[in-house]
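Colleague: For the record, the sequence lines run as chains A and B.
Counting in the numbering used here, the first sequence runs from 31 upward without gaps.
Counting in the numbering used here, the second sequence runs from 167 upward without gaps.
Keep in mind that the hints were calculated from the coordinates and are not lab data.
Do not take every clue at face value.
[Stated by the list, open to error] Where chain A lies over chain B, by a calculated footprint (3+ residues, C-beta under 8 Å):
#, stretch
1, 266-276
2, 329-342
3, 500-514
4, 540-548
[Stated by the list, open to error] Chain A side only, calculated, beta carbon under 10 Å to chain B, not exhaustive:
#, residue
5, 127
6, 161
7, 165
Idealized CB from N, CA, C, for every residue including glycine.
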Amino acid sequence: MKPPKNVLASGRTNGDDWIEVAPAQLPTILTELKARGFRSWSFMTCVDHLGTPLVVPPKERFELVYQLRNMETREQIRVRAFVPASDPVAPSVQEIFAPANWDERETWDLFGIRFEGHPDLRRILLPDEWVGHPLRRDHPVGGEPVEFSDDHQSWQTAPAEA
Amino acid sequence: MRTDTEPQGMAITRESDSAHLGGDIMTVNFGPHHPSTHGVLRLVVDLDGERVVGLKPHIGYLHTGIEKQMESLRYQQAVVATDRHDYLSPLFNNLAYALAVEKLMAIEVPPRAQALRVIMCELCRLSSHMVWLGTSGLELGAMSMLMYCFRDRDRVMDLNEEISGFRMHTSYIRPGGVMADATDNFWTLLERFCQDMPGNIDEYENVLTSNPIWRARTIGIGLLAPEDAIALGATGPMLRGSGVDWDLRKVAPYSGYEKYDFEVPLSDAGDCYGRYLVRVAEMRESLKIISQAARQIPGGPVNVDDRKLLSPPREELETSMEAVIHHFKIVTEGYSPPAGDAYAVVESPRGESGCYLVSDGTHKPRRAKFRSASFVNLQALEKMALGGMVADMIAIIGTADAVLGDVDR
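Bound conformation, chain A alone (with noise of 0.2 Å):
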């Protein structure tokens, strides 16, 4: 498949294509992505890369796929963008994709991205007065805080406050 315009880089892993685009992109690479039959979503996530042990470690810590199917030629596109951590909005696609308006608040309610443009960014799956969003890398999944926590980032804990 030839990618759009404007797409950072393009690529195939473990037998999947992705291509990756800046995250202003979005709505325009997939508005195209679905004139060209990719119809069919499949789902929107984000990845927190915070504390990468990759020895190139990726752009940004956040990373947003998009994933999408083309239901005639049953081809699969994965289109990533990456959102710094000091400011995580990207623009809302939901307006393109009817489904993405429950992934869009799914991001935002676990991973605190932004989407700009969304007529109902409200917390999905949490309460509303939860505070954080856990599936960030560095929201601690509990246990109690103890005394040697250098590697309290392999054991995903958050030392104890001084």
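Chain A is already provided as a structure; the job is to place chain B on it using the hints.
Modeller: Relative to the frame of chain A, chain B by itself:
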């Protein structure tokens, strides 16, 4: 408690701006603890008389943070977490997860394991559809359906127990293969089950298919046009009930589904009755797949022969030093797929059930995302229920077959 609750009590009335019946519009809380919501789903429904003019689903009551838990579990430990979100089809979650791990690590499981996976998944599809049929029948007044369906579902549970030791959350399908080979007793039980089931499905159909009450409650109710179904991301029987020929077992075969001869049931009706017909026909197709797979099951191992992925057989530990080291490494550390991401999908009883795994090269997943069919299918509820009667909403929720554990994860 949630604070987005608009109505402050059981129900409030407010001035309607464009009342169809000239009366007030009443906003009612439906659920979360309502037997017909198949779990804990809360709907805020605007009613004009008995007509639904507004519907807002509120979900999250069964959120258990499975995706967060999986980030702190090693790859082989995370299997048990996958069982538990869609509790009516645990084997499909196992399979989606196992396929994603195998995709990350470029592993091909042996043919016997693939056939066992297919058999167990199709049994699971049968049991899931039986729960759906039993409870949906019960809601619309056909109480005997629940008895029939749970009678037969118990035999699937017996088969689960025979092969894995567990009745519901079997964790039978694991990265690299399956938990254990089937016992002789399993094959005997399976054969008897396959002989009896066609007659039992006839029995279900005798109760419902031409039942005037069932037909009146489902035909023409909850219409979903094919283009709407695709636009709303609906998959599985929701999509096929609207006449879209789309089954991942056919369009993107996995685990050797291309070897089996089966049909994809379709209905052009797009209503609750159409979705009912599709699911009942799917049960018959599942039986066809099970008998074929059981008849032509190849011999050989049920796990990949890879000591870096699975611990060695018990008897090797007594004679081989290397086996002990491998066992120690697997138990204490696990295995680490190469960095990258993979998305694997299976056709679950509810539609496209997928697992998106991101590995950062360590022994725990960086991110595990479950694409749940129920979560997406539930968004079509508003489209199907608006303009209908409030009693029809029960039929619509029933045939949408959302499992709330899968919606909330």
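Colleague: Hint by hint, note whether the structure agrees.
Modeller: How the hints compare with the structure:
1. Coverage of the stretch 266-276 of chain B by chain A holds. Counting CB-CB distances below 8 Å, 3 residues qualify, and the rule asks for three or more.
2. For the stretch 329-342 of chain B, the proposed coverage by chain A is not satisfied: 0 residues have a C-beta within less than 8 Å of a C-beta in that chain, short of the threshold of three.
3. Only residues whose C-beta sits within less than 8 Å of a C-beta in chain A count toward coverage, and the stretch 500-514 of chain B has 6 of them, enough to reach three; the restraint holds.
4. Using a Cβ-Cβ cut-off of 8 Å, 3 residues of the stretch 540-548 of chain B lie near chain A, which meets the minimum of three, so the contact claim holds.
5. With a least beta-carbon distance of about 7 Å to chain B, the hint placing residue 127 of chain A at the interface is held under the 10 Å criterion.
6. At its closest, the beta carbon of residue 161 of chain A sits 14 Å from a beta carbon of chain B; the interface hint therefore is violated under the 10 Å criterion.
7. Hint status for residue 165 of chain A: holds, given a least beta-carbon distance of 6 Å to chain B, under 10 Å.
Checked against the numbered hints given earlier, this structure breaks hints 2, 6; the rest are met.
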